[in-house]
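There are 4 protein chains.
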Amino acid sequence: MNKEEQKESEIPYHFSVRTDLAVEANELLADEQETSEYDGIDVSEEEHLDKKIKLTWVKVSSENGAKALGKPIGNYITLESDAMKENDLETHEEIAKILAQKMGKLVQLKKNAVILVVGLGNWNVTPDALGPKVVSKILVTRHIADSLPEDLEGNVRPVSAIAPGVMGLTGIETVEIVRGVVDRVKPDLVVAIDALAARRTSRINATIQMSDTGVNPGSGVGNRRLGLNEETLGAPIIAIGVPTVVDAATLVNDTMDRMLASMAQQAPKGTEFYQMLINLADEEKYQLIAEILNPYTGNMFVTPKEVDAVIERLAGIIANALNMALHPGIRAENFNRYLDA
Amino acid sequence: MNKEEQKESEIPYHFSVRTDLAVEANELLADEQETSEYDGIDVSEEEHLDKKIKLTWVKVSSENGAKALGKPIGNYITLESDAMKENDLETHEEIAKILAQKMGKLVQLKKNAVILVVGLGNWNVTPDALGPKVVSKILVTRHIADSLPEDLEGNVRPVSAIAPGVMGLTGIETVEIVRGVVDRVKPDLVVAIDALAARRTSRINATIQMSDTGVNPGSGVGNRRLGLNEETLGAPIIAIGVPTVVDAATLVNDTMDRMLASMAQQAPKGTEFYQMLINLADEEKYQLIAEILNPYTGNMFVTPKEVDAVIERLAGIIANALNMALHPGIRAENFNRYLDA
Amino acid sequence: MNKEEQKESEIPYHFSVRTDLAVEANELLADEQETSEYDGIDVSEEEHLDKKIKLTWVKVSSENGAKALGKPIGNYITLESDAMKENDLETHEEIAKILAQKMGKLVQLKKNAVILVVGLGNWNVTPDALGPKVVSKILVTRHIADSLPEDLEGNVRPVSAIAPGVMGLTGIETVEIVRGVVDRVKPDLVVAIDALAARRTSRINATIQMSDTGVNPGSGVGNRRLGLNEETLGAPIIAIGVPTVVDAATLVNDTMDRMLASMAQQAPKGTEFYQMLINLADEEKYQLIAEILNPYTGNMFVTPKEVDAVIERLAGIIANALNMALHPGIRAENFNRYLDA
Amino acid sequence: MNKEEQKESEIPYHFSVRTDLAVEANELLADEQETSEYDGIDVSEEEHLDKKIKLTWVKVSSENGAKALGKPIGNYITLESDAMKENDLETHEEIAKILAQKMGKLVQLKKNAVILVVGLGNWNVTPDALGPKVVSKILVTRHIADSLPEDLEGNVRPVSAIAPGVMGLTGIETVEIVRGVVDRVKPDLVVAIDALAARRTSRINATIQMSDTGVNPGSGVGNRRLGLNEETLGAPIIAIGVPTVVDAATLVNDTMDRMLASMAQQAPKGTEFYQMLINLADEEKYQLIAEILNPYTGNMFVTPKEVDAVIERLAGIIANALNMALHPGIRAENFNRYLDA
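Residue numbers (this note's numbering), protein chains in the order written: chain A, 87 to 427; chain B, 87 to 427; chain C, 87 to 427; chain D, 87 to 427.
You may find that some hints are simply not true.
Because identical chains share one entry, a pair is satisfied inside a single copy or across any pair of copies.
20 Å max Cα-Cα, derived SDA-like pairs, lysine to any residue [as the list claims (entries may be wrong)]:
no.	residue 1	residue 2
1	Lys272	Thr318
2	Lys191	Thr121
3	Lys188	Glu149
4	Lys171	Leu141
5	Lys171	Gly254
6	Lys138	Glu316
7	Lys371	Met345
FYI, nobody ran anything at the bench for these hints, they're computed from the structure.
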């Protein structure tokens, strides 16, 4: 196998195990290819609010691009802002507005479109609780569609929301539960919220990704086994995710790479050993690290200390965005009136 | 309308709003009828563990009995023990064993019967969280049926478990969600856990009711609107409930009745006013009290201070009972090995 | 004992067991005295924000007034607003502002006054968790007084905050712990937050009382045994409380009184029994009810279903008020920047 | 500075930042010194329950030993068992018994000795919540010393317990709060529980350290600034700690060291770069990694996914051990009767 072939065959696998973010997958691809242009992958960027918010739109338009990126054909919109890690309400509101607006570009919703919001993840594991927390903040209206307060009538869509739990607790694949509910609620759109795994610690809790391709298997904190997508659910799906953890082996791998590179620059002489290190196929090195981290790898992850407060805040931003996008007739400042807490 | 007719027409309504317990409905019926024998209702009692545990089996065998009791035809097994309110592990274990054993009398399970446990109620409202808490303690096995540890193989049934949430949070009738999951999991038996409302404060958190009639509408803490039963779910159902609250109006009503009766005994003279009070139809008096308690009635309830600890304990007893009944090949002391916490 | 004497001797006791609110004690006194004027008790009222907020200032100025009211000499400011039970952010902000402003009238704070905020109550019992929750939202600054961000310097007072727990969990009288901390921190002012018991369900979670007399024994949810006041602590104290429960016996008693009165009006004939009932000394009737409610009375209380969300909201209002009052150099909209969540 | 000198001067610092465990500090020392014998440090080991539990007693007897180890003179007893990570009740009970017994060797308690248990750490950050959780499971008796149930009289010591919070939330150094309470309670012994930082992931949640030297500054999850010891508290102290996290930079550093060593063995040729790497002073390398991990280092840590359940379990083991050691007259199986949950 020549080097070209080897690289290609590996791409889908090694990307998918380490990052759920298209924007990171694209960075890795650019590093390997030494070019930021790749056929079938279009990337455009925007900045908002004095550069406090960075938006990257990755559009995967061909099978070739999908294979290179390790992500299905579709759109991946990433919002990055360090303000998500802080208590900066003004920026949070702006992020929610941009998110709501971009959602309108990913999917056209009829006035009476039926929506099902699905909060993936585990209530009891803080970094995996993002989805259930968003669900608890959604303005659900489907059950009161016939008896709405006058000022809401005609201004809200019939929205429902579930937190199906995780397979380890239910014994049922998440997709089965969601499919069962979809069969009865018959939504025009499913919106799934999930906690993701990132490659860079700087992106943890500072990034929101929204895509029209669904939730992919084998990734995230809770490691759902089967994907949630239009095919498996029988309804269009928008997935919204936030990287809340970095897996320990990825952290070690990336930190080490950067440290070795920095040292090789400072001491270029006698870097045969360094050459040997960087010549290691990425996957091999990752496996080696994972073995050393044994027996805890897979169960161990890296998370900031203030994770409880941060997840609460992120859930608020995403729920606000969804409430705005799904109930366009209600002004933002009035949502609180219709919510419990 | 003569008195006979009046009484009969009222029975189903006024019972159902105030107690979920067949054993209490039967007490009320006995009071009104001034007899403990009623056609179509058989009651038998047992005592266990030095009278620490009292078991009452109410069997409703005719439509006439069902109408009188305000409960569907079927079996209602009630376990009462003050030890449930205390940290008396030995008695808790015995209660779990009796519950598991009686469950075997209500339903015959084949060796490979597929089970779905449904934890009704709201995670965020402590006295309504019993169902979800039981679910979190169930040994689920359906997803690992093909890859069981050797010592479990052949000893466990494929059990799954969900906590579907409440309509106020999901926008979906609970029965719709459960039906959706039932359609995909196709269980041979559904076991539903719910928090109930009782009439007597002494029964709060000290009583477990198990029945083969399902969960009835219009009762309980969370006030589910539609029933979960074999007809609506398409699968046989066992319902297990614990009264965790008394509604405030019921408490006032019953306490007042007892107080007035006690005073009338002490001062029998000039009790015209008392006569007037007891002549009030029960429902009328209840409505009057509910109005006075306004605006909070329905949202207010009466609960012991240590409710968090008590609900945790009760969830443990019921989960143990179910784990024993559903996985008969595992010895009680070994369950903990296969559970997370 | 003539009637006059009897009444007087009972006053302090029967009030103190049933309400922590001076405004309710005053209502009861007015009922008994059939006059709203009482020597040594001055009451003035204000309304704010379109009558959405009602403020009552009860000033007790003589020992005679104190005895009649069952409350120590001092000032009792009560804010009442149904908006506290709802998600009405605008009114909440106004309530916090009024509270901060009135606090300035109760106590003069020097620019560098050292403050200790004490959150009384039990983290694990929701209606008793108000104090600890407020503590978690206070902008504490004492430990960073020497290294403040530039924009805070000179604008904040050295504030510290503790949640000492309850005697059942610590084995130590709360006042001992607080006194121990006071001896070391040497605050110029202690602010104590506590959950209270009210007499009327309509006041639950809809009332904030602030007084300069400290926290009195024998009242509240957690039933602290010894008082926290300037004498026991060795520092001036402001107490802020919210009634979060009604005790079950009080609820029954008051509801029954109102029901019987309403029935006596409708059917004035033959009300000898009613006369007998109202002739019962209040305390006797309360004891009778408490006995009937036995064995749960004292441990049982009446609380709204959504208590978790409501306590969170109330803690936010009070913490905002304190942050404004204690750190006057910071504008309200900026507090969030310096807080974690 | 010759190599000997350099090494010695570094020892106290670089150890203290990375591990709170004497047993790990001793391993590092043994590696550097290439001998397991060190003057002033005695190490003895025991095994229990079929080698499921390993006990190491490190006794530091001279200033020289203390300096080398980076730990004060005193006794450090470490219990290691992978069973702590699992739901193995039998082993947990044995661990609690051994812990109680060894505590008796560290300190002689008179029959009526007054005890204060201090749970260090933050309720709201799971891996730091060990101390407060233990406190909530302690059988406190000081407040009921005069009114004990008959079967307890003479069998229990007056025990009190507090969870003082962390400086970031209180604005007060933990030692100040504890000292304030000690001045009032006047205990004969303080027992402090804390979450620690370990160097090896395999030790996380699988190790309990008990020492008679107190809690040292600059270590642990919450990074207390000042030490709690006999000098600062004015009372003897036993410290019990469990490593619940590894800091991210330590994890990377150690994993990298092991990986590079393993690669250097496989490819000994051209290892100049490797030589350069290992010649880096440890501290320098650690700083380099910490910078790369910036901006999250210090706030990021590595923790197992099931951390909530594990901390609960560990708190149970330690609380059982303390209840046994402090109340020797009560048989183990009876503690539950006197505890709330």
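(message) Are any of the numbered hints broken by this structure? If so, which, sorted upward?
(response) 2, 3, 6
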